[in-house]
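Chain by chain, the residues:
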Amino acid sequence: MDPLDLEKLNALLEHDVGVSEKIKEQVKEFDKKVRIIVGILGKIHSTPTTSMPALLDSVSPVLLSCRDITTSIAGAIPPDQFWRWKDMWSNSIRAAVFAAALIEYLRDGSLLSLPRASEILGIQEEWKDRFSLPVEDYLHGLISMVNELSRYVVNAVTLGNYEEPMRISNFVKDIFSGFTMLNLKNDSLRRRFDSLKYDLKKIEEVVYDVSLRKLVVVKPFQ
Amino acid sequence: MTRDSVLAVFEQFREDIDQGNDRRERLIKASRDVTNISKKAIFLLHRIVLEDSPDDRALARRAAASGREKLSEAHAIFAAMRPELVGDRFWRYHRQVSPGVQEYIEALSFAHYVEHDALISYQQVQDTIGDADGPFFPLTLSDYLLGLSDLTGELMRFAISNIARRGGRPKANQVCAFVRGCKSDFEAFVPHVRDLSKKQSVTANSLEKIEAAAYAVAVRGSEYDLPPEMLDDLVAQTTSKFSLTDGLRRDRDEGYIEMHE
Numbered sequence: 001m002d003p004l005d006l007e008k009l010n011a012l013l014e015h016d017v018g019v020s021e022k023i024k025e026q027v028k029e030f031d032k033k034v035r036i037i038v039g040i041l042g043k044i045h046s047t048p049t050t051s052m053p054a055l056l057d058s059v060s061p062v063l064l065s066c067r068d069i070t071t072s073i074a075g076a077i078p079p080d081q082f083w084r085w086k087d088m089w090s091n092s093i094r095a096a097v098f099a100a101a102l103i104e105y106l107r108d109g110s111l112l113s114l115p116r117a118s119e120i121l122g123i124q125e126e127w128k129d130r131f132s133l134p135v136e137d138y139l140h141g142l143i144s145m146v147n148e149l150s151r152y153v154v155n156a157v158t159l160g161n162y163e164e165p166m167r168i169s170n171f172v173k174d175i176f177s178g179f180t181m182l183n184l185k186n187d188s189l190r191r192r193f194d195s196l197k198y199d200l201k202k203i204e205e206v207v208y209d210v211s212l213r214k215l216v217v218v219k220p221f222q
Numbered sequence: 223m224t225r226d227s228v229l230a231v232f233e234q235f236r237e238d239i240d241q242g243n244d245r246r247e248r249l250i251k252a253s254r255d256v257t258n259i260s261k262k263a264i265f266l267l268h269r270i271v272l273e274d275s276p277d278d279r280a281l282a283r284r285a286a287a288s289g290r291e292k293l294s295e296a297h298a299i300f301a302a303m304r305p306e307l308v309g310d311r312f313w314r315y316h317r318q319v320s321p322g323v324q325e326y327i328e329a330l331s332f333a334h335y336v337e338h339d340a341l342i343s344y345q346q347v348q349d350t351i352g353d354a355d356g357p358f359f360p361l362t363l364s365d366y367l368l369g370l371s372d373l374t375g376e377l378m379r380f381a382i383s384n385i386a387r388r389g390g391r392p393k394a395n396q397v398c399a400f401v402r403g404c405k406s407d408f409e410a411f412v413p414h415v416r417d418l419s420k421k422q423s424v425t426a427n428s429l430e431k432i433e434a435a436a437y438a439v440a441v442r443g444s445e446y447d448l449p450p451e452m453l454d455d456l457v458a459q460t461t462s463k464f465s466l467t468d469g470l471r472r473d474r475d476e477g478y479i480e481m482h483e
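Going line by line, the protein sequences match chains A and B. In terms of my numbering, the first sequence opens at residue 1 and continues consecutively. In terms of my numbering, the second sequence opens at residue 223 and continues consecutively.
Errors might be hidden in some of the hints.
As the list claims (entries may be wrong) - No more than 27 Å apart at the CA atoms, straight line, and that leaves these computed lysine-lysine pairs for DSSO-like:
id, chain 1, residue 1, chain 2, residue 2
1, A, LYS8, B, LYS420
2, A, LYS185, B, LYS251
3, A, LYS22, A, LYS128
4, B, LYS262, B, LYS405
5, A, LYS24, B, LYS420
6, B, LYS420, B, LYS405
7, B, LYS405, A, LYS8
8, A, LYS202, A, LYS185
9, A, LYS22, A, LYS33
If you are wondering where the hints come from, they were derived from the structure by calculation, not from laboratory data.
Put together the whole structure using the sequences plus the hints.
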């Protein structure tokens, strides 16, 4: 190989290694934050409704601090190279979406939209070719939330919150019918979606239990 | 969010996902077409360089020109891929495009070597994947290196058939030295380029075959002071012996198996 060409290739390679290292560093921080968040959210299973807002408020600052991370990563990525590097932080960002969506549900009973999720993570429109929240990662986050809610539904009843199963059941059914509209290819998203029906079943069983024992008044379907 | 608004949002997602999947499929197909064309170009080159000719230089030029002409079909496909790979899309679909690009580089670098006895540079390859308006899409370092790595397998065939060809032995020795150079140049990139280490071991194999053939020529030629025509017969024996051992160590011998596909 021509020595000049060899040098040029080496320079290209060095540059890539530099980018990758910068991202790696940030992803490590991202992971730390996400673990803290998920750790705090683990307490929802033992938190009565009245103390829930306080618990959720304690997570928010950590979640919002993820903006620093996304800003740093976006800054490290060369133009148009988002998809080249995104696998490095897929897991972290999915976990962050999961947390944000769970908080949104517990606070307002509503579904966190993708634009809102991007906003919470501080993702800017002008980063589009360097950092964005792809539909796929957002959907992974939602599935994790449904997984978590299927556990929460049991514990809510244990804590005496008999209304919760109905709310969760309706909420999760909406999300499920949304997923059924998608043409997913045989990838991890598809496999995780396939497992959602077990969560649905578990939630339905809890609904059945509480309504059968008249622990909750079921309004006739309108 | 009401159920209807949830469904409306997911309908948008469906469109996004479908669009991505359809584009991916189109690119896989285009990549396959490029692979096909490139393979044909390589066969064409092998055929022409072995023709009998009084002027080897002219033959090499004609072979390279024919190979490049075949590859212009790939050029047209690359041009059509441009809008599918614009901006951040390139890296999104890189994995689908890579196989075709690598095969194309293998063919192009083979034509280049036949004509110039040299390795085609990164920039030269990138220049062929584009037009007056610039590149159709960026050439990645890993595609460039992996494509060149496949070239060594073609050169092995080229060298061995040259040994059997009247008057082709100096050429075979030259190819041998060249492949050796490639192997050592690529070594430094191995830790940074995925799959390169696998290809390096295939290169090592090819190199070994060329060396063994060159050895046969040197040793037996010197010992008995044979006339060149008899040497040609001897070498034909050596190469056929190689296909015997190939059956026994198939796992190490990707390069050889490919030849018989």
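Violated hints, by number in ascending order, as checked against the structure: none
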